Amino acid sequence: MLTRSIILALIVTAIAAGCESEGLSDSGQTGQGGSMSRFAINGPHLYVATNSTIQVFDIGANNFQKLGQVTVGFGLETIFARGQYLYLGANDAMYIYSIANPATPEFIFRYAHIVACDPVVVQGNRAYVTLRSSMGANCNRGVNALEIIDITDPYDPTLLANYQMVSPHGLGVYGNYLFLCEGESGLKVFDITDESDIELLKHVTDIHAYDVIVRPGIATVTGDDGIFQFSYPDGASVIRLLSKIDVQRQQL
Amino acid sequence: MLPKNLWKTAIALTVATLVAGCWGEPYEAYTPMAVEGYRPEYGSEQAREIAFLAPKTLQNPGKIYVYGQYLLVNEKGKGVHVFDNSDPSSPEPKGFIQLLGNSDMAIRNDVLYADHLGSLVSIDLNAFTDLQKTGSLPLQNWNLGVPPPPASYFECVDQSRGVVTGWTRAELQNPACYAY
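These protein sequence lines map, in sequence, to chains A and B. To convert, note that position 212 of the first sequence is 212 in this note's numbering; the numbers rise steadily by one, no gaps. To convert, note that position 139 of the second sequence is 139 in this note's numbering; the numbers rise steadily by one, no gaps.
So that you can see chain A by itself, here it is in the shape it has in the complex (with noise of 0.2 Å):
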């Protein structure tokens, strides 16, 4: 009777603790999209980053509306949603909102320490960033790297590592493992567990990673030469390939 009664405990705490990380009551049924979206919803709210902009949408009723725009800063290119914040991804710096006031998301901080070309995403109260020189006239900054920022206060990100990549683009993060594209260089697997000392699990090199959808279990990876799902972990092995979706590139 006693064990029934933990089971049964245990059994609703871990249904109140699921329904916590999902949000707000008025959450809905959404997806999930790679760290390079320049969309980002979070409860009845559409964030839209254009170059310039947070265009902010309420998308709760039937017909959508605008709620209104805030202007951010140039050479934005990601926007990532979490809890009540979110991360936006420009050339040069990494910008931090809060969305309290769903309509009016409000400057908290801009990371300039960093020169970036690409995204970020959060898990706790980390944020990963890709740094990443290109031929681009913005990013040529002879810089490839994965950083590891404590976002604990958000009104004061500290770095806490930086790793040397070859080409780095988007990434993805579940659990102790981290999925960075590194582009023509293929994808990479890590186990973040020791943050000053990530290991390397796993370096796909035979396919072209630009952006990756990271869930329980399945890693799903873009780049121009396919769509390619890994399961993970897999046994012995940190990943398989499940399947590929063929590309017959055409140039644009």
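None of these hints come from the bench; they were simulated from the model. Small disclaimer: the values here were computed from a predicted structure and weren't measured. Among the hints, erroneous ones may be present.
[Stated by the list, open to error] Some, not all, of what chain B presents toward chain A, calculated at C-beta under 7 Å:
{"no.": "1", "residue": "Q59"}
{"no.": "2", "residue": "S89"}
{"no.": "3", "residue": "L117"}
[Unchecked claim] Result set (SDA-like, lysine to any residue): computed pairs, CA atoms no more than 25 Å apart in a straight line:
{"no.": "4", "chain 1": "B", "residue 1": "K76", "chain 2": "A", "residue 2": "S52"}
{"no.": "5", "chain 1": "B", "residue 1": "K76", "chain 2": "A", "residue 2": "K202"}
{"no.": "6", "chain 1": "A", "residue 1": "K66", "chain 2": "B", "residue 2": "K94"}
{"no.": "7", "chain 1": "B", "residue 1": "K94", "chain 2": "A", "residue 2": "Q29"}
{"no.": "8", "chain 1": "A", "residue 1": "K244", "chain 2": "B", "residue 2": "K133"}
{"no.": "9", "chain 1": "B", "residue 1": "K94", "chain 2": "A", "residue 2": "F74"}
{"no.": "10", "chain 1": "B", "residue 1": "K133", "chain 2": "B", "residue 2": "P150"}
{"no.": "11", "chain 1": "A", "residue 1": "K66", "chain 2": "B", "residue 2": "V111"}
{"no.": "12", "chain 1": "A", "residue 1": "K244", "chain 2": "A", "residue 2": "S231"}
{"no.": "13", "chain 1": "B", "residue 1": "K94", "chain 2": "A", "residue 2": "Q250"}
{"no.": "14", "chain 1": "B", "residue 1": "K56", "chain 2": "A", "residue 2": "G31"}
{"no.": "15", "chain 1": "B", "residue 1": "K56", "chain 2": "A", "residue 2": "E199"}
{"no.": "16", "chain 1": "B", "residue 1": "K76", "chain 2": "B", "residue 2": "M33"}
{"no.": "17", "chain 1": "A", "residue 1": "K244", "chain 2": "B", "residue 2": "F128"}
{"no.": "18", "chain 1": "B", "residue 1": "K94", "chain 2": "A", "residue 2": "T30"}
{"no.": "19", "chain 1": "A", "residue 1": "K202", "chain 2": "B", "residue 2": "S90"}
{"no.": "20", "chain 1": "B", "residue 1": "K56", "chain 2": "A", "residue 2": "Q32"}
{"no.": "21", "chain 1": "B", "residue 1": "K133", "chain 2": "A", "residue 2": "Q32"}
{"no.": "22", "chain 1": "B", "residue 1": "K94", "chain 2": "A", "residue 2": "S52"}
For glycine and all other residues, C-beta sits at the position ideal for the given N, C-alpha and C.
Starting from the known structure of chain A, fit chain B onto it as the hints suggest.
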């Protein structure tokens, strides 16, 4: 000791040579020439409609999105491929949403939000059986159409002919536009 005037001439000549060296290349653009480049394709009225078509082959995949059992893959500037991804070992093509100019998407409660010709549109998915556009609002500062391939000459875009849906390789006579 050179006469003063000769010094002036020498300096002027040196400066002229340097300037010509620096700006030599653009001069070629003013002399008629035939170069390999790209010519814009303009969308027809039909191409501008939102439509759910039969599955297409991926050519230039862009962003990706997962929603429940579905996997969506952007075809740069053209639309969205839809796959039934119930079994990630074998994603099944469901169809192609024609959305000219598209790059981004997100879904909430079976409604797709995507950019279409520089506007944000909402589309009722109805489980991908009968797609219905339900709303549209302009997006400001949003890229329109498909950009030309980088590092190439192209025939300048004539806005009056509509939105650029793609680029065709062509021999161009003295093109005035170049994509960096």
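Here is how each hint holds up against the structure:
{"no.": "1", "hint": "Q59", "verdict": "holds, 4 Å"}
{"no.": "2", "hint": "S89", "verdict": "holds, 5 Å"}
{"no.": "3", "hint": "L117", "verdict": "violated, 15 Å"}
{"no.": "4", "hint": "K76/B <-> S52/A", "verdict": "holds, 21 Å"}
{"no.": "5", "hint": "K76/B <-> K202/A", "verdict": "violated, 30 Å"}
{"no.": "6", "hint": "K66/A <-> K94/B", "verdict": "violated, 31 Å"}
{"no.": "7", "hint": "K94/B <-> Q29/A", "verdict": "holds, 21 Å"}
{"no.": "8", "hint": "K244/A <-> K133/B", "verdict": "violated, 31 Å"}
{"no.": "9", "hint": "K94/B <-> F74/A", "verdict": "violated, 38 Å"}
{"no.": "10", "hint": "K133/B <-> P150/B", "verdict": "violated, 33 Å"}
{"no.": "11", "hint": "K66/A <-> V111/B", "verdict": "holds, 16 Å"}
{"no.": "12", "hint": "K244/A <-> S231/A", "verdict": "holds, 12 Å"}
{"no.": "13", "hint": "K94/B <-> Q250/A", "verdict": "holds, 22 Å"}
{"no.": "14", "hint": "K56/B <-> G31/A", "verdict": "holds, 23 Å"}
{"no.": "15", "hint": "K56/B <-> E199/A", "verdict": "violated, 40 Å"}
{"no.": "16", "hint": "K76/B <-> M33/B", "verdict": "violated, 31 Å"}
{"no.": "17", "hint": "K244/A <-> F128/B", "verdict": "holds, 22 Å"}
{"no.": "18", "hint": "K94/B <-> T30/A", "verdict": "holds, 20 Å"}
{"no.": "19", "hint": "K202/A <-> S90/B", "verdict": "holds, 23 Å"}
{"no.": "20", "hint": "K56/B <-> Q32/A", "verdict": "holds, 23 Å"}
{"no.": "21", "hint": "K133/B <-> Q32/A", "verdict": "holds, 22 Å"}
{"no.": "22", "hint": "K94/B <-> S52/A", "verdict": "violated, 35 Å"}
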